[in-house]
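Undergrad: Line by line, the protein sequences give chains A and B.
This note's numbering applies: residue 15 is where the first sequence begins, and numbers increase by one.
This note's numbering applies: residue 15 is where the second sequence begins, and numbers increase by one.
Wrong hints could be hidden among the right ones.
Since the list can't tell identical chains apart, any single copy or any two copies may satisfy a pair.
To be verified - Only pairs whose alpha carbons sit at most 25 Å apart, straight line, appear in this in silico PhoX-like list of lysine-lysine:
#1 K384 - K212
#2 K201 - K436
#3 K367 - K25
#4 K291 - K434
#5 K412 - K390
#6 K217 - K201
Bear in mind the hints are in silico, worked out from the structure with no lab data behind them.
All values derive from a computational prediction rather than experimental measurement.
Given next are the chains, with one letter for each unit.
2 protein chains.
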Amino acid sequence: MAKSKIIQPVKGTRDYYPELMAVRKWLYEVAALVSSAFGYQEYEGPLIESLELYAAKSGDELVKEQSFVFEDRGGNLITLRPELTPTLARMVAQQQNQLTFPLRWWSFGPFWRYERPQKGRTREFFQWNIDLIGSDSPTADAELVAIVASFFQAVGLSPDEAQILVNNRYLMEGELAEIGIQDESFKDIFRLIDRRDKLAPLKWRDYAKDLGLTLQQIDQLEELLRNDDLWQKSPALQGLFPAVESLGVGGYVRFAPYIIRGLDYYTGTVFEAQAIKGDVRRAILGGGRYDNLLSDVGGNQIPAVGFAMGDLVITLVLEELDLIPTDIKTPAASILVTVFNEDSLQESLTLSKELREAGLKVACYPQADKLGKQLKYADKTGVKIALLLGPDEIAAQKVTLKELSSGNQETIPRAESANKLKRMLDLD
Amino acid sequence: MAKSKIIQPVKGTRDYYPELMAVRKWLYEVAALVSSAFGYQEYEGPLIESLELYAAKSGDELVKEQSFVFEDRGGNLITLRPELTPTLARMVAQQQNQLTFPLRWWSFGPFWRYERPQKGRTREFFQWNIDLIGSDSPTADAELVAIVASFFQAVGLSPDEAQILVNNRYLMEGELAEIGIQDESFKDIFRLIDRRDKLAPLKWRDYAKDLGLTLQQIDQLEELLRNDDLWQKSPALQGLFPAVESLGVGGYVRFAPYIIRGLDYYTGTVFEAQAIKGDVRRAILGGGRYDNLLSDVGGNQIPAVGFAMGDLVITLVLEELDLIPTDIKTPAASILVTVFNEDSLQESLTLSKELREAGLKVACYPQADKLGKQLKYADKTGVKIALLLGPDEIAAQKVTLKELSSGNQETIPRAESANKLKRMLDLD
Chain A
15 MAKSKIIQPV KGTRDYYPEL MAVRKWLYEV AALVSSAFGY QEYEGPLIES
65 LELYAAKSGD ELVKEQSFVF EDRGGNLITL RPELTPTLAR MVAQQQNQLT
115 FPLRWWSFGP FWRYERPQKG RTREFFQWNI DLIGSDSPTA DAELVAIVAS
165 FFQAVGLSPD EAQILVNNRY LMEGELAEIG IQDESFKDIF RLIDRRDKLA
215 PLKWRDYAKD LGLTLQQIDQ LEELLRNDDL WQKSPALQGL FPAVESLGVG
265 GYVRFAPYII RGLDYYTGTV FEAQAIKGDV RRAILGGGRY DNLLSDVGGN
315 QIPAVGFAMG DLVITLVLEE LDLIPTDIKT PAASILVTVF NEDSLQESLT
365 LSKELREAGL KVACYPQADK LGKQLKYADK TGVKIALLLG PDEIAAQKVT
415 LKELSSGNQE TIPRAESANK LKRMLDLD
Chain B
15 MAKSKIIQPV KGTRDYYPEL MAVRKWLYEV AALVSSAFGY QEYEGPLIES
65 LELYAAKSGD ELVKEQSFVF EDRGGNLITL RPELTPTLAR MVAQQQNQLT
115 FPLRWWSFGP FWRYERPQKG RTREFFQWNI DLIGSDSPTA DAELVAIVAS
165 FFQAVGLSPD EAQILVNNRY LMEGELAEIG IQDESFKDIF RLIDRRDKLA
215 PLKWRDYAKD LGLTLQQIDQ LEELLRNDDL WQKSPALQGL FPAVESLGVG
265 GYVRFAPYII RGLDYYTGTV FEAQAIKGDV RRAILGGGRY DNLLSDVGGN
315 QIPAVGFAMG DLVITLVLEE LDLIPTDIKT PAASILVTVF NEDSLQESLT
365 LSKELREAGL KVACYPQADK LGKQLKYADK TGVKIALLLG PDEIAAQKVT
415 LKELSSGNQE TIPRAESANK LKRMLDLD
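Start from the sequences and build out the full structure, keeping to the hints where you can.
TA: What follows is the structure, encoded as structure tokens:
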């Protein structure tokens, strides 16, 4: 029979072989560490939601163009979740009378967006989400910004390498009003501002003209987006910046009037972290305040602030800067119990059991085979020490330890092997 | 405005509020511990796959009736994965020339099946998958069975409470042939055997008659399914049972000729773990050998064995037996820094930062508020110690520690607070 073609994965998904999985796991663990240092609890929502949940406020692009939407066997419109915040709002709204606010919750899970896959972007990806719900204080905004900065510190990103840019939508709305832009245009103008980095300057001005801005308004808008002192007119930002300083991470944070973020539900303060070293400036994460989303999904009005960080861009950035620790890619087992022959198989199994009971990570070769082949296997899979258990060792209640890096071997009493192995592996 | 209705979650999904998330996290951690003790590496596949991947061998029920299938925006038929094994087979087939066999891999992730939600069954659920690929030895089968037993030991399930029932499909095929059943009927008869526990005895016999069995064959089949010595005719099981004994878990394992499992791709040994105490006998997990699946998805023929355990039934069983540890549901933060007034806010933030840097989990109240309200919040969220930082404390470089359980409080130098808190929280 001719060899058939291997069935292909879905475009834009990733296969997490153990080496790649170790990186995602490490990101998760750093996120967990930072989240719990600030007193946040882990939660998770369903991975599918009804389309209605996003239709409210996530924005047309996300819902109409980028979502995986399908009808289930019961005829309901289901969405592979493109983001977590609406789910969080729903979950909090459902238990608003039982929960104690302010609530600090974090999560790390999969999301989907139907976009063209490219470097730093897949259709299935993972995101760290973290939110503080039930406080409208600028200190809450500052706490989320400080969590971003603490994450950067934890992975070794310096303020020269990553920055958190902060703005406030209310501030910008006030300024837009002052240059004669009407309320009903704010959404469009925010989209325009959000595109400033994505379009060439002349194209951007054309886009602005298409939205009905006069040349004077465009000039005024450009001036606004360059004004680094504008934050002083925002009470929320006047509260945020000193708090960020008190939290010891002022060096990572600065005001940037051109940061708007794409989601329609953001209300006041918004922020975006960017990698600023290396080939390209990249948005690592975005966040902001969404004081109306809980009421939009049917709950009471409860103020909230949070951010989401995808796993792809941060991984690229950390790879470029060589900041992913090498020791996270641990071998499967540190110890391999070899099998001398059919007769000794049961003794090898029992030895592996004894060592596991002593807390060691032990693989046992699953059948009798040439010793050379078993040792080669041990070497290729990163095993540190192979154990040999032939008829002589079994008779004498001994075992031979072979260190693969040096080739040195030593025969010791079997009863002492667990402790000896722990010493050799520095596990004491 | 009338209060709008809260948008509902999708039927058959679960909201993992922190308390429920803690249970899933604990299951994950026990699975991780056991998996790595046996030298398995963590991996993960995509959560969506092309329908084609399952069409091959997962079985009609799973693919045609229970899968969430949809067309993506590009017109491809996508499936929310109903199980992991076909993905694993695909991933291994893709890298069959680079990987070192035998391969030991495990995973813990979400799956979907469109079934009627009921106790112990949701449409979105989580599963621990663990597989050994590249060995056809009965010792490999025994290792997977021993992993199940080690998991049971780790969560505190005794052999009186959970059993692993083992059978072999080749053995049964031989026996079926002996009573005159043709090869092409094996699949139907396996389904019949698999339904034995799910149908009333008379209904089951009717089902057997409908499949064309004679009354004599039905009697012979029933006798087969009661024959506890049948395993002695299977070389694979003759290898498995002694190995399970050597691995120290013989007490959990027994032969059961009526265990077949529902997936079409299983070849030789199959097994199922059942909870045998409590109200209902429940299947906790199922597994078996699938020596042809890798070639079915387009790779070389590589023997493999593994199992999958859903999170729902095991959680129900452990809840019924009161085996879920209470200390896994940890509070968000053990320490709350209170905020005396607007003027002291920045000092409170700085204190929280200092304590986090010392490795403590610290929430800071996000704004000035009545102290009573802040202490009530601390109490309700499980905080152990509240820190008070008024003008006097700030001036004297001191801080007041209030233990919430006793109400005792003590004012100490701020520089000593981190160490004192660690002692109070037994973190030293």
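Undergrad: Each hint needs a verdict: does it hold in this structure or not?
TA: How the hints compare with the structure:
no.	hint	in the structure
1	K384 - K212	neither (61 Å within a copy, 47 Å between copies)
2	K201 - K436	neither (62 Å within a copy, 50 Å between copies)
3	K367 - K25	neither (43 Å within a copy, 44 Å between copies)
4	K291 - K434	neither (47 Å within a copy, 41 Å between copies)
5	K412 - K390	within (23 Å within a copy, 62 Å between copies)
6	K217 - K201	within (19 Å within a copy, 65 Å between copies)
The structure fails hints 1, 2, 3 and 4 (numbered hints given earlier, in ascending order).
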